[in-house]
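Engineer: Protein chains in written order, with the numbering used here: chain A, 1 to 430; chain B, 1 to 190.
Don't read these hints as lab results, they were simulated from the structure.
Backbone N, C-alpha and C fix where the C-beta goes; we use that ideal spot for every residue, glycine too.
Be a bit skeptical, because a hint or two may be false.
What the hints assert, rightly or not - Far from chain B by the CB rule (all over 12 angstroms, computed), these chain A residues:
(1) 62
(2) 149
(3) 183
(4) 200
(5) 209
(6) 259
(7) 264
(8) 306
(9) 335
(10) 337
(11) 352
Claimed, not checked - Cross-link-like lysine-lysine pairs, in silico, DSSO-like; alpha carbons within 30 angstroms at most:
(12) A:20 x B:50
(13) A:354 x B:50
(14) A:357 x B:50
(15) A:325 x A:357
(16) B:69 x A:20
(17) A:325 x B:50
Said to hold, decoys possible - One side only, chain B facing chain A, incomplete, derived with CB under 7 angstroms:
(18) 20
(19) 22
(20) 43
(21) 54
(22) 55
(23) 74
(24) 78
(25) 157
(26) 178
(27) 179
(28) 180
(29) 181
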Amino acid sequence: MFQKFTPPFFLLQITTPPQKNPPPDFTTGYQYPVTINPPPRAELFTRIDMVMLAVLMLMTAYFILYKRSRREVRLISLFSLLYFGFYRHGCVCSVGSLQNVAMAIFHNGYALPLSVGVFFILPLLFALFFGRVFCAAVCPLGAAQDLILQKARRVPVWMDETLSVIPYIYLGLGTLFAATGTVFIICEYDPFVAFFRLSGGAMMVTFGILILFLSTFIGRPYCRYLCPYGVLLRWAAAWSKWKVHVAPEKCIQCHLCAESCPFNAMRMPVPDEVRPSRKSTRAVLSRVLWLIPFLAILGGVTGRLASPLLSHVDITVQTADRVWKERHGLVHGETLESQAHRANQIPDDLLYAKAAKIRRTYTLYTTIFGVWLGLVFGLKLFFITTRHRWDDYDADPAACLACGRCFGYCPSEANEKYAEGGVYIKGNLK
Amino acid sequence: MAAAENKKTRREFIADGIRTGGLIIASGAIGALAASSHAEDTVWQIDPYKCTNCGLCATSCVLDQSTVKCMHAFAMCGYCNLCSGMLRPERVGNTIEAENVQCPTFAIQRSYVENPYFQYVIDENLCIGCAKCSKGCDAFGNGSLFMQIRHDRCLNCNQCSIAEVCPAQAIVRVPAGKPYLLKSKIKQDG
Ligand code: SF4
Ligand code: SF4
Ligand code: SF4
Ligand code: SF4
Ligand code: SF4
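Just chain A, same shape as in the assembly:
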């Protein structure tokens, strides 16, 4: 009996027979205990989620675009935060779903679940018609930031423009790592999940607290300077059929709403005398237009060069690298990964081949990622140099989060229910 517990360890690693102690034939009628394996949350739940998503967005669209009222939208925000955030623990959300979609398209062997597909598509579809009503009150991430916003400090325009490039980079990176099947970084570094679950690692909790703290005096920092899904929503909302308009009828240029948007989404008219002349604009434009393809190529080349670095995020590539180095005596000792590789008795060549394949996909995808970055910077320059055409004050449909805060500032609104406490408008006069 005894010796079977103490054979030399190294022998066991290689020559373990499937079963060392044959299961007994019981003579006393012993029955194996029954183990209950609880199923995951019923599929019914994901159905409810989808319906909830659609209904809440419809309600938000109704209250913002038709009723022009913010009060109900706050309630919907609160509900979304409680339901999608705290009750459903923030998974799956539309922001993360874009990675599932990328993986389903580019990575073999992953089928997109219906619920995830719906979470990805519906908010975009709604944005095409009603603007970003998803952001207004349905996204739990947005709701968490929005509900704790006190008095928003204005972010200087140069800083706002610079930081707003980050979501495009993040979107590219998130797609890259999802398309290669490596990891979902947007989920892994979601600053709100730790908060929704009231549990999490020290780093993510700190990050979450930091973002929430910033949200109290900067309007939705995650939405504006990080959210990768927001990029897609911007594109869709720019073409929306029904848009948020600050003035219910016609803007009378009273300037009262100029500072009302905490998210820098208000477009201001540019007086004629400040507007650069057509000619000078055109000169700048032609230079910028020429820059765009140049930046795209530069980005592509850089992306390709960065491919070995980026592919090292992949655990198979890492393991292959490590095992190769260990084999060639370049490093000493084992990592958990190389240990696991040996324990599972996978031939080294198989691992190397797998890693090489992943590296090849990376070469292609990082090149595309680089081109994307080049285009983003180029187009950003282009839009900075051209965006000066508005005659009235109004919400920029792409940036507007449809929160409804600005409605109360417009004197044409002529409705007391927006003048919270009666000093709402006055207190913000400059």
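Based on the hints, put chain B with the ligands in the right spot on chain A.
Structural biologist: Positioned in the frame of chain A, the structure of chain B with the ligands alone reads:
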């Protein structure tokens, strides 16, 4: 003025086109997903034949209490007198005294079945998923103890944070309708 009007209608025309296109693509995609038999929800699970019992499961779950627990494939178990999952390899003497038990929470309950066999049951509420026992069982026993994500506890994160660190890449997406990857005698024999 006329030019401006013209431009506006052109823009509106393009916008209408984009919206119609978006609507068609969106309904097509959702319809295709709804009709597809592969579009079932997925959940995370540990492939016990890949898991190397590294112990990261205990500390890497987003929840403070890991959802990963040890499970027992009783049909594979040798019902050993001295369980190499329960007891430390470097134990002092062959007793089941507390100092020889390797489970940090004493989650493994040993009970007599019939001579010379003993049954080992994991108390799931005590288990912290450290994989010490399954490591011992894999090394010196039949490998009947193995780690699984328990779905009454798992939040089904879109990115399981254990999957990200698992050195054996043992954590995989499985269909929600078949959420466990159990070890079985048949598989092990074959
Ligand atoms: S911008 Fe992103 S995080 Fe913010 S509300 Fe919209 S989808 Fe949510
Ligand atoms: S509704 Fe008004 S205040 Fe709210 S995001 Fe849009 S422009 Fe800004
Ligand atoms: S992290 Fe992976 S190898 Fe380690 S115990 Fe968990 S499943 Fe097993
Ligand atoms: S040794 Fe670890 S994995 Fe095994 S029962 Fe105890 S706590 Fe659970
Ligand atoms: S999916 Fe989330 S809750 Fe479930 S085991 Fe992984 S990290 Fe833990």
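Engineer: Which of the numbered hints are not met once you compare them with the structure shown?
Structural biologist: 3, 4, 9, 10, 18, 22, 26 and 29
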